[in-house]
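Residue numbers (my numbering), protein chains in the order written: chain A, 1 to 118; chain B, 1001 to 1496; chain C, 2001 to 2500.
Check the hints yourself; a few may be wrong.
Simulated crosslink set (SDA-like; lysine to any residue; CA at most 25 Å straight-line) [to be verified]: (1) K2141/C - D1342/B; (2) K2091/C - G1385/B; (3) K2141/C - E43/A; (4) K1365/B - K2459/C; (5) K1365/B - R93/A; (6) K2141/C - G49/A; (7) K1115/B - H1236/B; (8) K2459/C - M2476/C; (9) K1021/B - V1090/B; (10) K2091/C - A38/A; (11) K1097/B - P89/A; (12) K2091/C - I113/A; (13) K1097/B - P77/A; (14) K1097/B - A98/A; (15) K1365/B - R25/A; (16) K2237/C - K2459/C; (17) K2141/C - E27/A; (18) K2091/C - E27/A; (19) K2141/C - R109/A; (20) K1097/B - E43/A; (21) K2237/C - G2146/C; (22) K1097/B - A67/A; (23) K1097/B - A38/A; (24) K1365/B - V46/A; (25) K2237/C - I113/A; (26) K1365/B - M2476/C.
Since the hints were derived computationally from the structure, they do not count as laboratory data.
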Amino acid sequence: MPDNPPAVGAGGATAGVAGRSGITRDEVAHLARLARLAVSEQELDVFAGQLDVILGSVARVQEVAAADIPPTSHAVPLTNVMRPDEVRPCLAREAVLAAAPAAEDGRFRVPRILDEEA
Amino acid sequence: MSDELTRRTAAEIAALVAAGKVSAVEVARAHLDRIAAVDARVHAFLHVDADGALAAAAVVDARRSAGEPPASPLAGVPLALKDVIVTEGVPTTCGSKILDGWLPPYDATVTARLKAAGVVVLGKTNMDEFAMGSSTENSAYGPSRNPWDLSRVPGGSSGGSAAAVAAYQAPLGIGTDTGGSIRQPAAVCGLVGHKPTYGGVSRYGLVAFSSSLDQAGPFGRTVLDAALLHEVIAGHDPADSTSIDAPVPPLAQAARAGAAGDLAGLRIGVVRELGGEGYQPGVEASVREAVATLEKVGAAVHEVSCPAFGYALPAYYLIAPSECSSNLARFDAVRYGLRVGDDGTRVLEEVMALTRAAGFGPEVKRRIILGTYALSSGYYDAYYGQAQKVRTLISRDFAAAWRSADVLVSPSTPTVAFGIGERVDDPMAMYAADLCTLPASLAGVPAISVPCGLSEGLPVGLQVMAPALADDRCYRVAAALEAAAGRPLIDEVPPL
Amino acid sequence: MTTTLPPYEEVTTRYEPVIGLETHVELGTASKMFCGCPATFGAEPNTQICPVCLGLPGSLPVANAKAIEYTVLIGLALNCRIAEWCRFARKNYFYPDMPKNFQISQYDEPLCVEGWLDVETEGRTVRVGIERVHLEEDTGKTSHIGGSTGRIHGATYSLVDYNRAGIPLVEIVTKPVPGTGALAPVVAKAYVTELRDLLRTLDVSDVRMEQGSLRCDVNVSLTPRGATEWGTRTETKNVNSLRSVERAVRFEMQRQAAVLDAGERVVQETRHFHENTGVTTAGRSKEEATDYRYFPEPDLVPLAPDPDWVESLRGRLPELPAARRRRVAEELGASEFELQSMANAGVVDLVAATAAAGAPAAEARNWWLGYLTQKANEAGVEPAELAITPEQVARVIALVADGGLSTGLARQAVDGVLQTGDGVDAVVAARGLRRVSDVDALGAAVDQAIAAQPDVVAKIRGGKTAAVGALVGAVMKATRGQADATVVRTLILDRLGATE
């Protein structure tokens, strides 16, 4: 393992990394769809290039032999934090719907969910 | 008097107000005037809430007139609040277009505690969008500027709060720190900034970026000011399941004790891996001098090696984007915020995609895509899963270090403030600003940045890290360094 | 897509069904899973919401202790092992009824695992394995506007109500259940029935399928007889009643058999059950299975149920339905088969309560298994949901026993109670249902019947006494069944001067 952190801007060099670390334009397009992000063709090109470099750098975590190391999901060693089953005051509906992009009949209004052909 | 007031520390202002020598309203006005005078150049604030501030100040004054004791040791002191923290009825944008105009229907716990303490919130400050960035250049509303040199960044993501305090627009600021977003701006702006032990300050009402890393914390021009503010906002919150249920250690007391200047018996570990290539020589020299100063006042210094720290950056840039890709999914044009493209012909999925495309900036989009990838089936183990293991190794490095050291030190960030525009097109170069701050974030331990000198006329910060729950140690050491320097570094900031 | 279905009886001669059930139960806590909003049903839209269940930016969840307790109780009652340590996880996907666009659920660390529930049906006991019981939050409700059916297809827009978002939901997943053969649909229904009774006994939910506090998805696959690998499984949703469980399984078995008979493959997909037609149709086609990108929920800390506490809960489990049925059967003196029939019809407790109210056990059983089950089916409800109480049924039985009501009149009395909600005696009085045996009162009706059917009269006078039945019938009709038939017969014969 290196003593020093990678130099500024030295992103892509990933000699000896286990596992693939590239990302294709198609993959980026697919991920953007999953994440409900519309991306233009030009953005796709730029992002794919940038993400490829970033992914190459973060893939370095795979260099670390950690087969028997437990993952940390919580920095605090807390367990069993709960609340009693008691009713507390709610928000006023007007206050909440006032922020809505569209509302009708006391409910949030959204465009149709399905395509007509579905 | 007005100019004088804005040059005062928070502790001094609180004492003046408590003694009746000046009214809280007068203090608030002085600072609002200062904002009006300089913020066009600094752009620290996204929203100035003059009415709210004056009303809060009036309450402080009324209490005093009625003979009641001050609500806290900071009653009447103005403060700049990072716009990632929810304020009821006051715009909260998180530096993003997607929340442009959103008025939260509730207060964050931090906000409520500030109000209860009689602290006067002047307004909401600029930040990198959704706390992602190290310069405020990712703000949808334009960058903030470093008062030391307006062509340079004030750091990020809490750059607006840092700029406000460094420009004397408020003696206190609140930022949030996920990977260094309080410490790095503090360092490049010549301020004190502290990231509490994870769980030490409530996250309820703090718009989430990376839930297992986010912490709100104080900015001040002095160590004591930061400690006083930390005491006001810290402590258990039943509304936050990850908040620690333990009494807040006496931080102001630790700051005062540190200022007395004797660190005999304290063992300081200098982290070998946080230096070398990529670090400006001037920064390293300044840090070395600071360490020598601490030795002079009694500390024992030695080098420690934390090999896993070299993997902090890749681990962080997997964990944080993963959590944020999930946390930001709620911005979908349905319940609040921006809605784009709803012309009656499109299905909801399309409207969501267009809205998010228009409402999020490129860095946010990059991290959402990266996070979605790292959590995907087939990739989870190699990326997110592996990063969480690296996190364990980093915690173990800290644990091993605590056997021989009471605190660990390093530069807060490898360089002084860089120029606006210099790193925006190179994400990896931007990420490198976090190299020093990431390990403490991943391990959840407290870390402070305290000014330790100038390099090329720009501030350098020393980072002091301590074991979990030992925030007081950070304040004590920082105060000792500050006392040894004689006067706060910020006094040397060029006038605006 | 083949449209002719093979007869059900044939399906299991060629194929072995494997079934599985996924049940979602809304817990009857006072407040929601992660916030203090009320968890009650039926409020005005969006009046039971707060920053947490609305997923407003900055909000954070805090787990409801009672919901966790209820989940452990359910796990214990289903003979599960309770996890020593487990976490919540985020299930990430976009849908407008999910405020955060992720659901806080559990993934690979459920609270309860590896249990079983015995289901008795048609004399057989089937041990249904329970894979897992875990805790999660419910979603809001979307209404689809503008289409012709109110369903999502063809809608022009939708409206969302988040009152239900965040209500605690327990998901119970069975292991696949092979070996049920032609009884698969019945076993599926019996499992859901038994599970529902168990949940009611534990008092953790009001388990009303029609209100959505108990929801069921049925999984069905067919294996050709003799094959070793199980077939492809489909999942069917929108199964909103016990009857629908049975019908959906049955239809899927037939449909899949038709597909396989034609040499085609069963598509692994989610299907939708249609209550009115009894068929399943394919849901929206998806290009790939959804990747939920599960990861441990960072806003909640792990659960580590204290073993002593778990044991104390086990000690507090009430008498579970199977044990109670055995005890009731003994008290009623019912045979195993009779118990089975009552259990299948869902009337064990009703019969027991009727007997407790004073009716003879056999009479109680006959009424509930007979006329009352018939009325329940006509109304499309469960017998327990009929608007008549066991005490009222016992009263009806008593009136029959003392001769005041004939069986026919008793049925009319029951109808009256169901229709009006009045008490038995009030209905009897209002409708004049008491059996009329007063000779004078009957005289007019008898005379009319005789006058109306001279040919029948001739037959009787000619010696065919049995023909009097037609005249008796006419009098019964004229008196709306209230006449005492025996008395009527005697009267008619007397008047005609005929003898038996």
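Can you name, in rising order, the numbers of the hints this structure does not satisfy? Per hint list: 3, 4, 5, 6, 9, 11, 13, 16, 17, 22 and 26 violated.
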